[in-house]
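Please model the complete structure; the sequences and the hints are all you need to start from.
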Amino acid sequence: MEISKTIQDIRTNWAIGDAKRDAGLSTPDDIIRFDNISYGVNGVDNLLDIYVPKGTNKPLPTIVNTHGGGWVYGNKEVYQYYCMGLAQRGYTVVNINYRVAPETRFPGAVEDINNALKFIEKHGSEYFADKDRLVLVGDSAGGQLVSHFATILTNEAFAKLFDFEVAKVTVKAIGLNCGTYDGRAMALNRNDEVFLEYIDCVDKIPDDALLERIDALKYMNGSFPPSYIMSSQCDFLLGCAQPMYDYLTELGVPCEIKIYGDKKRPEIGHVFHVDCRLKEAKICNDNECEFFKRFVGEE
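The numbering used here numbers the first residue of the sequence shown as 180 and each following residue consecutively.
Any given hint might turn out to be false.
Quick list of in silico lysine-lysine cross-link-like pairs, DSS-like style, CA-CA up to 27 Å [unchecked claim]:
(1) Lys297 with Lys397
(2) Lys237 with Lys301
(3) Lys351 with Lys339
(4) Lys437 with Lys458
(5) Lys297 with Lys472
(6) Lys351 with Lys397
(7) Lys443 with Lys458
(8) Lys233 with Lys301
(9) Lys347 with Lys397
Restraint-style ranges between C-beta atoms, simulated for each label pair [as the list claims (entries may be wrong)]:
(10) Asp214 with Ile384: 21 to 31 Å
(11) Gly222 with Ser183: 16 to 26 Å
(12) Gly269 with Asp382: 46 to 56 Å
(13) Lys301 with Asp382: 18 to 28 Å
(14) Thr191 with Arg444: 24 to 34 Å
No wet-lab data here; the hints were simulated from the structure. Every residue, glycine too, gets a C-beta built ideally from N, C-alpha and C.
Encoded structure:
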């Protein structure tokens with residue numbers, strides 16, 4: 180398969196940036212990790228890690244992380260330190276790989292999220308995960324994927340557009356971090372090459388059936404999980420946050436929105452919360468986990 184120069188550049192340059200961000204970090208002493216657990220049939224793309232606070236002896240409320248990367252890049256390794264930081268806040272954290280484009284097109288990544296949750300449904304208790312107190316988090320493209328899957332989980336009509344059996348789990352809340360959410364608009368505007376790669380429409384116009392399947396906003400309802408929506412003043416996707424908050428609030432979904440940083444702090448930019456060394460990342464992740472506790476309960 181030929182990979183476009185845009186995607187090649189993303190994979191090269193973003194990997195360099197991620198490695199620089201995490202250089203010198205190590206597993207915290209108070210975290211136990213279970214690495215490279217297979218949840219599906221697609222090799223390394225269907226592996227997950229699980230992190231739990233040391234001394235855990237019962238299932239904890241469980242965060243499932245879906246990494247960003249423009250639908251074409253990323254893996255659980257570049258989110259491991261962020262996810263272990265969430266575990267230090269009293270959660271079991273499941274950090275997943277999923278198939279990316281162009282090697283796998285929509286809805287492959289969504290199906291992988293579902294299969295990871297099926298693994299938690301069947302085996303989560305072996306790793307201190309609670310299938311009935313789940314939180315989904317995702318950033319950037321991962322935010323789009325999480326919001327899409329949460330719609331499948333909470334609207335049977337939307338779920339029927341997909342040919343997989345939905346995991347029998349309970350998602351109590353979600354975290355939408357520096358995300359983009361309007362799949363239909365991105366498909367029709369045709370100004371995001373990597374999203375068009377994801378939906379296999381670089382050289383063609385999406386048909387009505389595809390537009391319906393990527394239009395999660397149309398199917399969101401009051402059963403959509405309570406949502407923490409965040410961005411930053413220097414996030415290039417800042418403009419997506421407030422409309423999502425307004426839309427979900429109008430539907431009656433409990434929501435909180437927070438915009439971090441200011442225009443003079445470019446380092447507090449897109450997905451800044453993953454940078455464990457930033458004070459603002461700690462504040463953001465504290466705030467988000469406190470929001471989650473309102474819906475999963477205290478331990």
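Each hint, compared with the structure:
no. : hint                           : result
1   : Lys297 with Lys397             : holds (25 Å)
2   : Lys237 with Lys301             : holds (16 Å)
3   : Lys351 with Lys339             : holds (22 Å)
4   : Lys437 with Lys458             : holds (16 Å)
5   : Lys297 with Lys472             : holds (23 Å)
6   : Lys351 with Lys397             : holds (21 Å)
7   : Lys443 with Lys458             : holds (16 Å)
8   : Lys233 with Lys301             : holds (23 Å)
9   : Lys347 with Lys397             : holds (23 Å)
10  : Asp214 with Ile384: 21 to 31 Å : violated (42 Å)
11  : Gly222 with Ser183: 16 to 26 Å : holds (23 Å)
12  : Gly269 with Asp382: 46 to 56 Å : holds (48 Å)
13  : Lys301 with Asp382: 18 to 28 Å : violated (40 Å)
14  : Thr191 with Arg444: 24 to 34 Å : holds (27 Å)
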